[in-house]
Amino acid sequence: MTSPIFTLPARAGIGLKPEHVAGLLEARPSLAFVEVHAENYMGAGGPPHRQLATIREVYPLSVHGVGLSLGGDEPLDLDHLEALAGVVERYEPEQVSEHLAWCRIDGHYLNDLLPIPYTDYSLNLICDHIDQTQTRLKRRILIENPAATLSYAESTMRESDFLIAMVKQSGCGLLLDVNNLFVSDSNLAIGAEDYIAALPGEAIGEIHLAGHHLKQIGNAEIRIDDHGSTVAPEVWSLYRDVIARFGRRPTLIEWDTDVPDLEVLLAEARTADRHAEFASLGGHADVFAS
Amino acid sequence: MSSLRELQRAMRDHAFDRGGTSATAAIADVHAFSPAERLGIHRNATLLGLGMALRASFPVTLRLVGEAFFDHMARDFLIAAPPRDPRMSRLGLEFPAFVGGYPAAAGLPYLSDVARLEVAWTHAYHAAEAAPLPPEALLTFPEERLGEVVLTPLPSLRFVASAYPVAAIWHANQPHHPEPEAISLDAGGEMAVVWRPGDTVRVQALGNGAFTFVMALATGQSLDTAWAGALALAPDFQLIPELQALLTARWFSEARLP
Ligand SMILES: [Fe+2]
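As you go down the protein sequences, you meet chains A and B in turn.
So the first sequence is residues 387 to 676, counted in this note's numbering.
So the second sequence is residues 2 to 259, counted in this note's numbering.
Derived from the structure by calculation, the hints contain no laboratory data.
Some hints here could point you the wrong way.
To be verified - So these bits of chain A aren't anywhere near chain B, every CB distance computed over 10 Å:
no.: 1; residue: E480
no.: 2; residue: Y538
no.: 3; residue: L648
Unchecked claim - To give an idea of the interface, some chain A residues facing chain B are shown, with a C-beta separation under 10 Å as derived from the structure:
no.: 4; residue: L464
no.: 5; residue: D465
no.: 6; residue: H466
no.: 7; residue: I491
no.: 8; residue: K524
no.: 9; residue: N573
no.: 10; residue: L600
Since this is a predicted model, take the numbers as computed values, not measurements.
Note that the Cβ used here is the ideal one computed from N, Cα and C, for glycine as well.
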């Protein structure tokens with residue numbers, strides 16, 4: 387699998403929401419791509435497919451799976467892999483991605499992307515599942531780092547080491563979610579700067595940006611990744627670090643709860659492009675701190 | 002914890018509030034929060050997230066019982082039957098049966114049938130595309146063989162028969178009705194068809210004869226056989242106006258002789 391690592395334009399795109407389809411088709415704003423969750427297009431037909439088929443004629447497409455449970459310690463759900471392959475064959479997206487996570491065991495789905503322990507065992511497990519998926523889809527996929535609120539006592543590797551080994555062993559690419567990284571770092575002190583410095587930049591095919599919120603539990607606060615607000619200043623700052631180090635990448639603005647008007651998403655995408663442009667020109671100053 | 006699989010099973014049990022307390026031993030005890038608090042965040046994510054998805058799939062059921070009651074019932078359902086499909090469009094296929102046996106909802110005997118109607122709605126919304134028959138389709142057959150004609154239903158077509166006026170309840174509780182009018186349960190049962198002839202899902206109650214007729218056609222019976230069946234149930238059943246209705250309602254995609 388030797389396809390180039392990023393296949394979308396290296397600018398900002400947005401997640402596609404049904405309520406924005408009409409506005410996008412009417413105004414056709416400049417966007418590098420739109421991204422959809424594969425699971426929302428696994429029905430046979432109906433309005434979701436009618437909308438996506440039209441959108442797909444206008445914008446490059448990224449298909450993002452949330453249900454394959456690559457880190458689940460059981461065989462992959464073959465029906466689900468076939469359904470994913472069906473979406474990929476139907477729309478021929480420029481890019482396909484999934485998660486470093488598990489969400490299914492004994493056939494039960496948790497509708498939650500849970501981290502896995504970082505061990506040799508889980509590395510082999512997820513690499514086998516990635517290999518099976520890439521073989522079925524006949525393409526390289528990107529794997530996204532989780533937003534963690536917990537870690538495991540048995541982990542023997544740092545997350546960044548695990549990602550590096552996973553890329554080497556499976557041939558997958560990386561989807562670096564900078565908000566997830568910031569959330570995990572705040573909650574578990576995994577060291578975001580060292581993490582970024584360790585990553586193989588050539589493997590990073592896409593970046594995610596999103597909002598999160600602070601939740602009070604007892605006397606302390608934990609960061610919860612809910613994709614329900616604008617990108618936090620600290621996350622913009624990390625994003626500029628990533629771009630300054632690795633160059634520009636296709637960058638998604640994710641917004642999945644309390645979805646705002648299309649204009650708000652488009653403004654956030656333009657902001658991402660300004661940060662990326664600034665950072666790629668070597669800028670590090672906090673001119674964007676606000 | 003003996004294996005990753007055992008750990009994931011315990012975390013699943015914990016998330017669905019079915020035990021799984023052994024999972025806490027596997028979670029690193031770092032910084033401000035205990036393993037139990039960290040797992041609690043994931044239980045919330047699972048049960049609240051799936052509960053919101055059920056709300057979205059059953060808006061009329063939700064409106065009939067209110068958010069607090071619905072969320073409680075949804076949580077009990079999810080704990081009893083964790084989802085076996087990651088597609089939110091498939092979540093809650095067993096919800097109507099659960100609602101039917103839910104003791105706290107016993108005072109609302111129609112609720113389970115309303116939920117069944119909503120499952121049919123979701124099915125129709127995601128069903129495969131098929132162009133409905135044009136109204137003149139039956140004219141192309143020789144008159145003497147019309148009775149043999151067999152019709153193919155749209156992939157979206159579903160039938161919901163109830164001892165309660167489910168279609169009237171469903172229509173009265175759409176978002177554009179701020180205050181639903183009272184519906185008398187004494188009005189009797191309704192036989193509803195649910196289908197999607199284009200972009201929009203439709204819900205319509207049919208008379209006894211028409212419902213039997215359309216359902217027989219949908220299972221592949223010929224016009225003659227279906228008509229005979231409908232007449233047996235509803236002696237005043239009129240074929241010609243019903244055929245007219247059938248073609249203009251656009252429940253079928255294809256007509257052919259066997
Ligand atoms: Fe993400």
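* Once the closest CB in chain B is found, is it more than 10 Å from L648(A)? -> 20 Å, holds
* Proposed interface contact between L600(A) and chain B, which counts if any beta carbon pair is under 10 Å -> At 12 Å from the nearest chain B Cβ, L600(A) fails the 10 Å test, so the hint is violated.
* Regarding the hint that I491(A) lies at the interface with chain B, is the smallest CB-CB distance below 10 Å? -> With a closest approach of 4 Å, the I491(A) hint holds.
* Asked: Against chain B, is D465(A) within 10 Å by beta-carbon distance?
  -> It holds, given that the least Cβ distance between D465(A) and chain B is near 8 Å, below 10 Å.
* **Hinted contact K524(A) with chain B - closest CB pair below 10 Å** => 22 Å, violated
* **Interface hint for H466(A), Cβ within 10 Å of any Cβ on chain B** => 6 Å, holds
* Given as non-interface: E480(A), which should sit over 10 Å from chain B by C-beta -> E480(A) clear of chain B: closest Cβ-Cβ about 23 Å, beyond 10 Å.
* To do: Just double-check Y538(A) for me: nearest Cβ-Cβ distance to chain B has to come out over 10 Å.
  => Non-interface label fails for Y538(A): nearest chain B Cβ at 6 Å, not farther than 10 Å.
* To do: Identify whether the interface hint at N573(A) stands, where standing means a beta carbon of chain B within less than 10 Å of its own.
  => Hint on N573(A): holds, closest Cβ of chain B at ~8 Å, below 10 Å.
* Closest C-beta approach of L464(A) to chain B relative to 10 Å, hint status -> Check failed: Cβ of L464(A) comes no nearer than 13 Å to chain B, outside 10 Å.
Hint compliance for this structure: hints 2, 4, 8 and 10 are broken, all remaining hints hold.
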